[in-house]
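J.: Given chain A's structure and the hints, the job is docking chains B and C onto it.
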Amino acid sequence: MPPIVIGIVQVLFDGVAFGMLLFVMSVGLSITLGMMRFANLAHGSFAMLGGYTTTTLMRHAGWSFLATLPVSFVLIAAVSVVLERVLYRRMYQAKELDQVLLTVGIIYMSIAGAAYVWGPEPQAISLPDYLTVYRTVGWFSFSTYGALLLAVGTVLTLAIFFGLERTRFGAMIRAAVDDRRVALGVGIDVNRVFTITFAVGSGLAGLGGALGINALGLDPSFPIEYLVFFLIVVSIGGTAGSVKGALAAALLLGLSDTAGKYYIPQTGAFIIYVVMLLVMLWRPNGLFGRA
Amino acid sequence: MRKILGIVAAAALVAGTGIARADDLPPLKIGVIMTYSGPFATYGHQADLGIETYLKAHGDTIAGRKIEFVRKDDTGVAPDVSKRVTQELAVRDKVDIIFGGCWSPNAFASAPVVTEAKIPFFIIVAATDGIPAKSPYMVRMSQPVSVPVYTEGRWAAETKGWKTGYSAVADYVLGTAGAAAFLKGMEDGGGKVIGNVRIPVSNPDFTPFVQRIKEAHPQVAQLFLPAGALAVGFVKAYHDIGLLKDGINLVTGPLSETQPTETLGDFVDVIYTAGNWIEDNDSPANQEFLKAFRDAEGPDARPGFVAMNIWDALNITRQVVEAQNGKIDPDATMGLLRGHQFVSPRGPVAFDKDTGEIIQNVYLQQAVTENGKITMKLIQTLPMVHAQTIAQ
Amino acid sequence: MTAAEPARDSAPAPSAVADFRAQARWQWYEPLFWLGAIAWYFLLPTYLPLGTQILATALFALSLDLILGYGGIVSLGHTTFFGVGAYTAGLLARYGWQEPISCLVAAGLLAAFAGWICSFVIVRVQGIALLLVTLGINLVLYEAANKAYKITGGADGLQGIEFSPLLGMFHFDMLGRTAYLYTLIVVFLVFLVARRIVYSPFGLALRGMRENWKRMPALGAGLRRHGALIFVLSAAIAGIAGALLAESVQFVALDSLAVQRSVDVLTMLIVGGTGVLYGSFVGAVVYMVARDQLADLNPAYWYFWIGLMLVLVVLFTRNGVVGALADSAAWVQRKRGRGPAP
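Line by line, the protein sequences are chains A, B and C.
Per this note's numbering, the first sequence starts with residue 1, numbered consecutively.
Per this note's numbering, the second sequence starts with residue 1, numbered consecutively.
Per this note's numbering, the third sequence starts with residue 1, numbered consecutively.
In isolation and in its complexed conformation, chain A is listed as follows:
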């Protein structure tokens, strides 16, 4: 195979794997923003907490990496429900700016809290050997970790789409996102639907944070470092809770970031910012947003 083809396949593989990871982490934010118009900037705090759950279980309880992932999901989902009941619920009718301030406050508290509990240094995990090797199939070699990201991302994406399109609960979510008042009118308990969606979305963020430790790193400033990425996925995808849009945006972001670094590394972080600006100016409501 000519090197240029190998390079393209490599970029596609890495870019899509990275994009899938971003999608898993931010899809919850997209749906909850669409449904409740609630700007939860602290979404990254959930992802960070998921990462710390995994490192703690691995280091202090000797769990294997893969076994910790479901625990991160469940634990973060549970934590997020408590936060939703205690704090977020009162803020749904509040001004956007107050929502921003509240969630920035939570980000700051989670950063200091994580530094206090786990220390300020970046966390390391020793992935099992089968996740740190490169496999070669024919002329193409890929990392098993990238393959794991790709596999988990694909399964979760399919599950999310199936759940939304084919289940009764999914229909309720879509109804609530489309028009909250009408949904209430036809007897859907929107609050309950929302709580569950919020929990699943946050759990997915936690799972993404755990899954991504190897690619994204983990330290207390995680919620701030990746805030820009979440915002980009949500807004490029469309702020009306479009899951398709979030997926497209995450893949676009993953691919343009990877391709930019691979082919024109001089440009540094410019690529994703410029892509974001262009998309926003071209379609201010996002790729799949409604006018």
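Wrong hints could be hidden among the right ones.
To be verified - Calculated cross-link-like contacts (lysine-lysine; reagent style DSS-like; alpha-carbon spacing at most 30 Å):
| hint | chain 1 | residue 1 | chain 2 | residue 2 |
| --- | --- | --- | --- | --- |
| 1 | C | Lys335 | B | Lys192 |
| 2 | B | Lys192 | C | Lys150 |
| 3 | B | Lys118 | C | Lys335 |
| 4 | A | Lys95 | C | Lys335 |
| 5 | C | Lys335 | B | Lys184 |
| 6 | B | Lys56 | B | Lys327 |
| 7 | B | Lys214 | B | Lys56 |
| 8 | B | Lys94 | B | Lys118 |
| 9 | C | Lys147 | B | Lys214 |
| 10 | B | Lys353 | B | Lys94 |
Source of the hints: derived by calculation from the structure; they are not laboratory data.
T.: Relative to chain A, chains B and C alone:
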């Protein structure tokens, strides 16, 4: 307000004990400006460990004066904050000495203040060449970037015979300096640099950069990133993508504020690094430091370079204060620092008489796995290297 | 006894215009506030560098309030213009023009120009897209300044800048006395201008725009012009704030363009209260004093307490600290049975 409370508290203390102790002398106030919050809070944490270790080992008085630390958070790369807290330390807290300069811009911003206030200032972390020359009251405890990086490049080309190199440096001005020094080192050693990438400091994914290096296939790659999550992430990608198997060696600066092995997991044995300190140096000064650190922080604790720099700065402070019988005259202090040599866990250190730049050994090390435990093994020592000789 | 009362008493059902005029009059607390700023100079001589930074930051927050509180334009990248101002002053000084006041003017003009260019884009988007576009411009400019390290000094900052003594007489001293008084005077003058704008017919039109912005997907050409104009004015003030900080610190580095600063200033403004002029000042004082004191108490974990403060402000106030003060004042008046019925 706090001052009044302090006086009340002091009065109560004196009244309570009824004895005027050694504190007829005013306390020796040391300002510590470090990054205590945000992504690089490890620096502040390590500085605190260094202070704690020193206090446990040497007690809290120097020449009869009680040491008092005033800690300030510079919040990261923030010269305005750094300058303000330096002013506050000078004006409000009236400190005798400052340990600071966690970042080059912060150190640059502090320089005019300490010049005007005449306060001796130890640069603890910042690495841009030439900082201490900005103020007659500065000396450097850290290492100027050109020294280890140049040494690595030259050693790789000359000693190892790796004639093709590749630079992967952080995309900011210090990284640019790092790439330039490596290039000079390679060329002086008879090799050449066949390519370079600049890595954004806000970078989540290193795979594409490492892929590029893999395809360029140099004999040695240079990594220069801020110690911490970034450097660790890069080495992970380097390992995962299997550059070692392709025969691409890696030379790096410090990977972590703590020991590299603690945050790197179990695959550091491909890495060469040049630094100003090796942990398994048998010298009494180093053994004393390691023992003190373990005594203070637990039997398995391993210090990082920030903790050691603080320990060194405190030891040197003690010597110059004792030499002045407990006083700190700024100009006399600088006279005792610049142009003089001290004993340190890293070996001898001296400060240039005119520029305050540090002169110290450079140790080339390799990370090796021995009995399942990873340590840095010494390959070669270059005695008393001065940044100025490299610049020429 | 407030100055607003007679207007209310004499006109039981005040028209919007009369009410507006009443607001435009100086309130009793306003001179008090500025006297407080002068008192800081005499009472807290060792806190002058902090005071200077608070004043410059408050001016920056005020510039954000003009577009956010009055124009309804939310920006997550306003430090773009702060940074342009800071670098303008810094680069002028670096290359030989060290007179501080003219540097300030140049910084304001250049930031206004940058604002004018951005305004073409800004008035066409809103909501989250607006947040992202402002943030994106900020990020791109930050990267550009980082790349152009030969001009900007990159992450090391601009080396060797020094401003000449103010009016040829007052040296920027280490205690920060000159810097404080200079900053205070400039901030006061710019505040007067901003106050004038807010209470002008143009200011009234802006508030209309803020309301319209919420209802209509796109603005008419007239409102767009208003939006662009206030954005340019706001950018100019942000630029002056940036130059003030550069002159008092005598150093400029990339952090003057960092997104963290945009987030901080937005946070301060919301803490203080939006659309009430003094919200920016109160927010800057509360936030920065709290940060300074908390960081002194515990340099490592002060973020937690700042975060807690933000959460409490959101839960227990209607429009930041100023909103809370206004509410409690109204409550006291009702208790006394003198105030107008709610």
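J.: Run every hint past the structure and note whether it holds.
T.: Each hint tested on the structure:
no.: 1; hint: Lys335/C with Lys192/B; in the structure: violated, 82 Å
no.: 2; hint: Lys192/B with Lys150/C; in the structure: holds, 24 Å
no.: 3; hint: Lys118/B with Lys335/C; in the structure: violated, 58 Å
no.: 4; hint: Lys95/A with Lys335/C; in the structure: holds, 29 Å
no.: 5; hint: Lys335/C with Lys184/B; in the structure: violated, 78 Å
no.: 6; hint: Lys56/B with Lys327/B; in the structure: holds, 23 Å
no.: 7; hint: Lys214/B with Lys56/B; in the structure: violated, 48 Å
no.: 8; hint: Lys94/B with Lys118/B; in the structure: holds, 11 Å
no.: 9; hint: Lys147/C with Lys214/B; in the structure: holds, 25 Å
no.: 10; hint: Lys353/B with Lys94/B; in the structure: holds, 27 Å
Hint violations for this structure: numbers 1, 3, 5, 7, all remaining hints satisfied.
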